[in-house]
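Number of protein chains: 2
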Amino acid sequence: METFFSFLERRTDDCSSLLCVGLDPHIPDLKAPTADSALDFCLNLVKATAPYAAAFKPNAAFFEVFGAEGWKILKQVIEAIHEESNRLGSKIPVILDAKRGDIASTEEAYAKSTFENLGVDCITLSPYLGKDSIEPFIKDREKGVFLLCKTSNPDSGDVQDLMLESGDPLYMHIAKLAQTWNEKNNIGLVVGATHIETMKRVREAAPDLWFLVPDVGTQGGDLEAVLKTGLRKDGSGMLINVSRGISRSENPRKAAVELRDRIVNIQFQMKH
Amino acid sequence: METFFSFLERRTDDCSSLLCVGLDPHIPDLKAPTADSALDFCLNLVKATAPYAAAFKPNAAFFEVFGAEGWKILKQVIEAIHEESNRLGSKIPVILDAKRGDIASTEEAYAKSTFENLGVDCITLSPYLGKDSIEPFIKDREKGVFLLCKTSNPDSGDVQDLMLESGDPLYMHIAKLAQTWNEKNNIGLVVGATHIETMKRVREAAPDLWFLVPDVGTQGGDLEAVLKTGLRKDGSGMLINVSRGISRSENPRKAAVELRDRIVNIQFQMKH
Numbered sequence: 001m002e003t004f005f006s007f008l009e010r011r012t013d014d015c016s017s018l019l020c021v022g023l024d025p026h027i028p029d030l031k032a033p034t035a036d037s038a039l040d041f042c043l044n045l046v047k048a049t050a051p052y053a054a055a056f057k058p059n060a061a062f063f064e065v066f067g068a069e070g071w072k073i074l075k076q077v078i079e080a081i082h083e084e085s086n087r088l089g090s091k092i093p094v095i096l097d098a099k100r101g102d103i104a105s106t107e108e109a110y111a112k113s114t115f116e117n118l119g120v121d122c123i124t125l126s127p128y129l130g131k132d133s134i135e136p137f138i139k140d141r142e143k144g145v146f147l148l149c150k151t152s153n154p155d156s157g158d159v160q161d162l163m164l165e166s167g168d169p170l171y172m173h174i175a176k177l178a179q180t181w182n183e184k185n186n187i188g189l190v191v192g193a194t195h196i197e198t199m200k201r202v203r204e205a206a207p208d209l210w211f212l213v214p215d216v217g218t219q220g221g222d223l224e225a226v227l228k229t230g231l232r233k234d235g236s237g238m239l240i241n242v243s244r245g246i247s248r249s250e251n252p253r254k255a256a257v258e259l260r261d262r263i264v265n266i267q268f269q270m271k272h
Numbered sequence: 001m002e003t004f005f006s007f008l009e010r011r012t013d014d015c016s017s018l019l020c021v022g023l024d025p026h027i028p029d030l031k032a033p034t035a036d037s038a039l040d041f042c043l044n045l046v047k048a049t050a051p052y053a054a055a056f057k058p059n060a061a062f063f064e065v066f067g068a069e070g071w072k073i074l075k076q077v078i079e080a081i082h083e084e085s086n087r088l089g090s091k092i093p094v095i096l097d098a099k100r101g102d103i104a105s106t107e108e109a110y111a112k113s114t115f116e117n118l119g120v121d122c123i124t125l126s127p128y129l130g131k132d133s134i135e136p137f138i139k140d141r142e143k144g145v146f147l148l149c150k151t152s153n154p155d156s157g158d159v160q161d162l163m164l165e166s167g168d169p170l171y172m173h174i175a176k177l178a179q180t181w182n183e184k185n186n187i188g189l190v191v192g193a194t195h196i197e198t199m200k201r202v203r204e205a206a207p208d209l210w211f212l213v214p215d216v217g218t219q220g221g222d223l224e225a226v227l228k229t230g231l232r233k234d235g236s237g238m239l240i241n242v243s244r245g246i247s248r249s250e251n252p253r254k255a256a257v258e259l260r261d262r263i264v265n266i267q268f269q270m271k272h
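Protein sequences appear in the order of chains D and C.
The opening residue of the first sequence carries number 1 in my numbering; numbering runs sequentially from there.
The opening residue of the second sequence carries number 1 in my numbering; numbering runs sequentially from there.
Given that identical chains are not distinguished, each listed pair holds provided it fits within a single copy or across any two copies.
Computed list of lysine-lysine pairs in PhoX-like fashion (alpha-carbon distance at most 20 Å, straight line):
1) Lys112 x Lys31
2) Lys200 x Lys228
3) Lys112 x Lys72
4) Lys233 x Lys176
5) Lys184 x Lys131
6) Lys47 x Lys31
7) Lys91 x Lys47
The hints are simulated quantities; they were obtained by calculation from the structure and are not laboratory data.
From just these sequences and the hints, can you work out the full model?
In structure tokens, the structure reads:
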């Protein structure tokens with residue numbers, strides 16, 4: 001039976017890419033910072049990079065900042081990704097980076113907004129409220145979730161690195177919980193690229209889970225080390241998200257191809 | 001100098017109320033579940049309860065579920081609260097219940113969306129990403145934050161109750177961090193009403209902080225016990241949020257007056 005990750009794996013096979021293209025219409029990147037220029041920015045990126053994208057990841061904040069107009073263009077961007085999918089004959093998953101986390105009745109509204117109304121396939125969530133806050137998003141096995149485990153920001157350790165009585169830091173416990181909760185093969189983990197030692201431990205704790213790794217381009221992290229540490233034994237299981245590293249390059253298409261190829265090359269070296 | 005909490009305290013003095021009115025246009029509550037009926041639902045609630053509301057708390061999810069239209073009506077609801085404030089001659093704070101939590105550059109976009117574009121005064125945030133994820137929201141001391149500490153949902157213990165090596169459960173550590181981070185008097189805590197023993201410990205750890213207590217009406221929790229446990233030594237320092245307990249009553253105005261008076265009565269008993 002199709003699950004979110006079997007769908008993602010079909011796509012990674014089709015495009016032989018683990019590259020996730022982040023759609024973050026940052027105001028400094030926009031010529032005129034309006035919803036229209038954000039839409040242009042995203043549509044150009046989608047068009048240029050779709051053949052090489054295992055997934056697209058729009059970041060909710062950079063749409064929400066344009067208010068009602070922002071939500072309208074977010075839907076248009078998602079529809080454009082669906083059109084590119086049709087053109088390519090290979091459906092590209094859309095991951096909404098929203099990091100939601102609330103009580104179940106509220107999460108049901110967010111899940112309806114995300115999966116039904118926007119038509120995306122996957123969302124990022126915070127684990128702070130526990131399992132019942134995740135359930136509205138994982139009950140349909142064709143929809144997926146990436147749970148925050150270890151993030152890449154400088155102060156991520158304030159909470160995520162706290163040592164538990166059990167001997168694990170909190171992020172390790174979250175990795176183990178996610179592995180337990182993943183009964184329908186639709187839960188993955190967000191693991192930052194800036195902490196290689198951490199990624200190694202998380203991979204040991206969650207050998208089967210997909211990792212979403214932001215933002216290899218601009219938040220530091222060496223691509224080769226990240227892949228060698230985080231890939232599963234089957235040589236897959238990671239989405240390498242790049243946002244500004246592609247969108248701010250002179251030729252986003254070329255930047256996406258090069259990144260895709262670098263990743264494939266490292267995967268190949270590891271297999272042989 | 002004015003801070004978010006000095007502003008809130010002026011309002012609680014003006015209306016002699018610690019009642020926070022939750023604006024959750026749940027789809028089951030709406031005659032015809034459209035953005036228009038959600039707007040009517042909220043405008044009626046605001047009009048009926050404004051004189052007795054220390055604050056209003058719209059829940060982002062129940063607007064977002066209507067897409068672009070939802071963000072439009074959210075802004076209209078906030079403007080209606082500002083109009084009621086003008087009519088009453090006492091500004092009523094608006095707290096956006098959104099539980100955001102992301103890396104700083106993303107949080108800056110959320111902060112702009114929340115404080116500048118929507119014009120709200122305060123937001124709920126998740127602590128999982130650490131201090132730099134909170135900073136974009138607290139740099140202006142007139143804007144405030146309620147940080148998730150201990151939530152009221154059944155599985156809140158999955159993560160929040162984890163015992164740390166230090167001997168504290170995680171939620172206690174969050175309370176202590178918030179007390180430390182509160183240099184500008186604009187950070188409070190979300191503490192659920194369903195765990196009285198927990199609330200007692202959090203109050204001991206954070207004697208000065210404001211608590212936002214959801215949802216006393218429908219998520220259980222005895223009002224008297226909650227107030228006696230959670231109020232600060234000065235007899236204030238808690239916002240008692242009620243959503244469905246008011247919106248689903250036959251006469252929301254009457255329900256708000258009664259709740260306001262019950263709270264005042266318990267505060268009075270405690271002082272004498």
